[in-house]
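Here is how the chains run, residue by residue.
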Amino acid sequence: MKGLNILLAAFRALQRNKLRSFLTMLGIIIGVGAVITMLAIGQGAEYSVKEQIASLGTNVLIIFPGSQQQGGLKVGAGSMTTLTQEDALAIQAECPQVAFVSPDTRANGQVIAGNLNWATGIEGVGTDYLQIRVWDIQSGNFFTDQDVKAAAKVCVLGTTVSNNLFPDSDPVGQTIRITNVPVKVTGVLAAKGQNAMGQDQDDIILAPYTTVLDRLSRFPYLREIIVSATSANDIELAQKQITDLLRMRHKIVGLNDDDFTIRNQSDLASAATSTSQILTILLASIASVSLLVGGIGIMNIMLVSVTERTREIGIRMSVGARGKDILTQFLIEALVLSLIGGITGIIFGVAGSKIISGLAGWPTFITAFSIILSFGFSILVGLFFGFYPARKASMLNPIDALRYE
Amino acid sequence: MDANISSVADGINTDTAKVSAGENFSPGQVPVNNDLIKIDQLEKTYAMGDVQVHALRGVSLNVFREEFVAIMGASGSGKSTFMNILGCLDKPTNGTYILDNINVGSLSRDELAFIRNKKIGFVFQGFNLLSRTTALENVELPLFYNSTSTKLRKEKSIDALKKVGLEERIYHYPNQLSGGQQQRVAIARALVNDPSIVLADEPTGNLDSKTSIEVMEIFQKLNEQGITIILVTHEPDIALFAKRHIVFRDGKIKSDLLNAVPNKASEALKTISSIDDEVKL
Numbered sequence: 001m002k003g004l005n006i007l008l009a010a011f012r013a014l015q016r017n018k019l020r021s022f023l024t025m026l027g028i029i030i031g032v033g034a035v036i037t038m039l040a041i042g043q044g045a046e047y048s049v050k051e052q053i054a055s056l057g058t059n060v061l062i063i064f065p066g067s068q069q070q071g072g073l074k075v076g077a078g079s080m081t082t083l084t085q086e087d088a089l090a091i092q093a094e095c096p097q098v099a100f101v102s103p104d105t106r107a108n109g110q111v112i113a114g115n116l117n118w119a120t121g122i123e124g125v126g127t128d129y130l131q132i133r134v135w136d137i138q139s140g141n142f143f144t145d146q147d148v149k150a151a152a153k154v155c156v157l158g159t160t161v162s163n164n165l166f167p168d169s170d171p172v173g174q175t176i177r178i179t180n181v182p183v184k185v186t187g188v189l190a191a192k193g194q195n196a197m198g199q200d201q202d203d204i205i206l207a208p209y210t211t212v213l214d215r216l217s218r219f220p221y222l223r224e225i226i227v228s229a230t231s232a233n234d235i236e237l238a239q240k241q242i243t244d245l246l247r248m249r250h251k252i253v254g255l256n257d258d259d260f261t262i263r264n265q266s267d268l269a270s271a272a273t274s275t276s277q278i279l280t281i282l283l284a285s286i287a288s289v290s291l292l293v294g295g296i297g298i299m300n301i302m303l304v305s306v307t308e309r310t311r312e313i314g315i316r317m318s319v320g321a322r323g324k325d326i327l328t329q330f331l332i333e334a335l336v337l338s339l340i341g342g343i344t345g346i347i348f349g350v351a352g353s354k355i356i357s358g359l360a361g362w363p364t365f366i367t368a369f370s371i372i373l374s375f376g377f378s379i380l381v382g383l384f385f386g387f388y389p390a391r392k393a394s395m396l397n398p399i400d401a402l403r404y405e
Numbered sequence: 001m002d003a004n005i006s007s008v009a010d011g012i013n014t015d016t017a018k019v020s021a022g023e024n025f026s027p028g029q030v031p032v033n034n035d036l037i038k039i040d041q042l043e044k045t046y047a048m049g050d051v052q053v054h055a056l057r058g059v060s061l062n063v064f065r066e067e068f069v070a071i072m073g074a075s076g077s078g079k080s081t082f083m084n085i086l087g088c089l090d091k092p093t094n095g096t097y098i099l100d101n102i103n104v105g106s107l108s109r110d111e112l113a114f115i116r117n118k119k120i121g122f123v124f125q126g127f128n129l130l131s132r133t134t135a136l137e138n139v140e141l142p143l144f145y146n147s148t149s150t151k152l153r154k155e156k157s158i159d160a161l162k163k164v165g166l167e168e169r170i171y172h173y174p175n176q177l178s179g180g181q182q183q184r185v186a187i188a189r190a191l192v193n194d195p196s197i198v199l200a201d202e203p204t205g206n207l208d209s210k211t212s213i214e215v216m217e218i219f220q221k222l223n224e225q226g227i228t229i230i231l232v233t234h235e236p237d238i239a240l241f242a243k244r245h246i247v248f249r250d251g252k253i254k255s256d257l258l259n260a261v262p263n264k265a266s267e268a269l270k271t272i273s274s275i276d277d278e279v280k281l
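Chain order of the listed sequences is A and B. Residues in the first sequence are numbered consecutively from 1, following this note's numbering. Residues in the second sequence are numbered consecutively from 1, following this note's numbering.
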């Protein structure tokens, strides 16, 4: 019997018992569908975890000035006054893997608005700061490059500051006094909540770094430069580019120590990513169980089919079918079942993940890998569980098969 | 069971006689002698639980080419067991069976399948057609297992169906055919591979007397065309259409007689139809 004939014969045999064939396939359909859907959900979860981590700033690099050494005594990171505004501009201009750069300096002071006052930190930053921190303006506007150039007396308030100074009114357009310097409020930041250390990130005022340097702290060096890499994967490269650039700019040669330190948060990112990968694997393994159960369903039905069609097997053998012809026939039938079930399962899995992402609002991702994996697995299941019944059929004695009632 | 092949008489070289599946049996092969079947001291023992049932107790028989043999006997006489062994559906416990110069006893399962496919056409009492499969596809079935091309398969099957007078009904399913027609499909299936021998196990057992004679007419016609036929029956009037009568009793051959003047099925049919006419009048 040649390939096409065997295939046609298998289709015909399955057609004769449509309901049973369908129910058998249902196991595989559900299995494959579940594997695809679960992998899609898992990968969607992985994606949203990555997104959220990115919003925490995993592609953020913070450059501190190096530690000061006096004799054998190291005073601690940030004690040196080596980072300048020009360093920040140079990083922006010359490091291709750097997306945004913001100088960062800080002053503390008492802030007064009307009859209320509040002690808080004033962060002097560039206009890219919000992009780097993935932060939004809730009302009003952020200050502009123009404001930075002119060291304009403008600022935006964090929600905590806003709530304390303007409990009942809109702060945008109002003027506050920061250590006796009058500053106009241009906007209010969106609430960001606590950071990993439990600090209130909203208890802050952002002002142009030039304003803070010139009018509030009068200290010409930057506390740090905050930088975001073009993507989380580019962090290493960006870090190297910045190191090379700053060493060159600061004229550090050979084995001499850097006069700055660069920190990143990639450890946090990789931990979170591996957690969500474990989640994906877990979901997929649960789904594979249903695929396995589907395979057992195939074996069950094929065994019934072999018993029920013992006479047919006898007839085929009596006209010259060899054991391997019968083996092939039943194996192909099992394979066709799992193949059709697999294809239908892929359709249902894709549709299912679309529906879930539509209803629950979760992101889902269907990858070629998950389709190939589940489809390949369903074929293996068909072969594996089809083999035993097929072999049982092929081992029958022709006369016993013919006499079977 | 094939340990003492060398003891077989008539000097058949068992080495050359043994066939392997895939070897070509060309119709032009010159027979060593005119014996199609040579059976010597065939025994078959079944184990039914703890009891040993001796179905065959030493049967020896030669069948020549173009013979038409009827095997008779009461039920339990071993005739069906004998037939199944002839048809390579079952293996003997002891003794030798040489079919067309091939020592069948020493063949593997696959080689036996090849013999069933190429050398033997089997017709059963219960027709044994595949249900929900057309007459044509039923007849094509043996050709599926020897890699005949699709075109040739269809041609040969239609030819075989013509020989049994069913060319009008090739696309009918078994449940759309009468018993006689179903048996003719089964005969066409037996003929489609041009077998050396047609074996029929009670082919008329499920048919009424007129249809039985119609089936016997087909067998007689095939026999006239040179096909060897062995049929098992317990109906003496059916046996009268055969040229040789072998009677089994208790697993042995009781008698083996030539029927010099077999009945002509075509004439018997004429008589029946004239009786039918009288009844109608």
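Keep in mind that the hints are not guaranteed to be accurate.
Here are the computed lysine-lysine pairs in the DSS-like style, where the Cα-Cα straight-line distance is at most 30 Å [unchecked claim]:
1) B:Lys243 - A:Lys392
2) B:Lys264 - B:Lys243
3) A:Lys324 - B:Lys243
So these bits of chain A aren't anywhere near chain B, every CB distance computed over 12 Å [what the hints assert, rightly or not]:
4) Ala9
5) Arg16
6) Glu86
7) Arg316
8) Val319
9) Ser357
10) Arg403
Here are some, though not all, of the chain A residues that point toward chain B, as calculated from beta-carbon distances under 7 Å [claimed, not checked]:
11) Ile315
12) Ser318
13) Gly320
14) Gly323
15) Pro398
Everything labelled a hint here was simulated from the structure, so no lab data went into it. By construction, the Cβ of each residue, glycine as well, lies at the ideal position given by its N, Cα and C atoms.
* To do: Hey, is A:Ser357 genuinely clear of chain B, shortest beta carbon separation above 12 Å?
  => The assertion about A:Ser357 holds, with a minimum of 45 Å to chain B.
* Does A:Gly323 pass the interface hint, meaning its C-beta sits closer than 7 Å to a C-beta of chain B? -> Because about 6 Å separates A:Gly323 from the closest Cβ in chain B, which is inside the 7 Å limit, the hint holds.
* Asked: Regarding the assertion that A:Glu86 does not contact chain B, is the least Cβ-Cβ distance greater than 12 Å?
  -> 84 Å, holds
* Asked: If you take the shortest Cβ to Cβ gap from A:Ser318 to chain B, is it below 7 Å?
  -> Hint holds; A:Ser318 Cβ to chain B Cβ min 5 Å, cut 7 Å.
* Interface hint outcome for A:Pro398 [beta carbon to chain B under 7 Å] -> At 5 Å from the nearest chain B Cβ, A:Pro398 passes the 7 Å test, so the hint holds.
* To do: Taking the shortest Cβ-to-Cβ distance between A:Arg316 and chain B, state whether it exceeds 12 Å.
  => Per Cβ check, A:Arg316 is inside 12 Å of chain B; nearest 7 Å; violated.
* **Proposed proximity, B:Lys243 with B:Lys264 (alpha carbon, max 30 Å)** => 11 Å, holds
* Beyond 12 Å from every chain B Cβ - status for A:Arg403 -> Non-interface label fails for A:Arg403: nearest chain B Cβ at 9 Å, not farther than 12 Å.
* To do: Would you check the hint for A:Lys324 and B:Lys243, treating anything up to 30 Å between C-alpha atoms as holding?
  => Not OK: A:Lys324 and B:Lys243 at ~40 Å, beyond 30 Å, violated.
* Is the hint on A:Gly320 kept, meaning its closest Cβ partner in chain B is under 7 Å away? -> Constraint on A:Gly320 satisfied, holds at 2 Å.
* Say whether it holds or is violated: A:Arg16 keeps its Cβ farther than 12 Å from all Cβ of chain B. => 6 Å, violated
* In terms of Cβ atoms, is chain B entirely out of 12 Å range of A:Ala9? -> 8 Å, violated
Violated hints, listed in ascending order, are 1, 3, 4, 5, 7, 8 and 10; each of the other numbered hints is respected by the structure.
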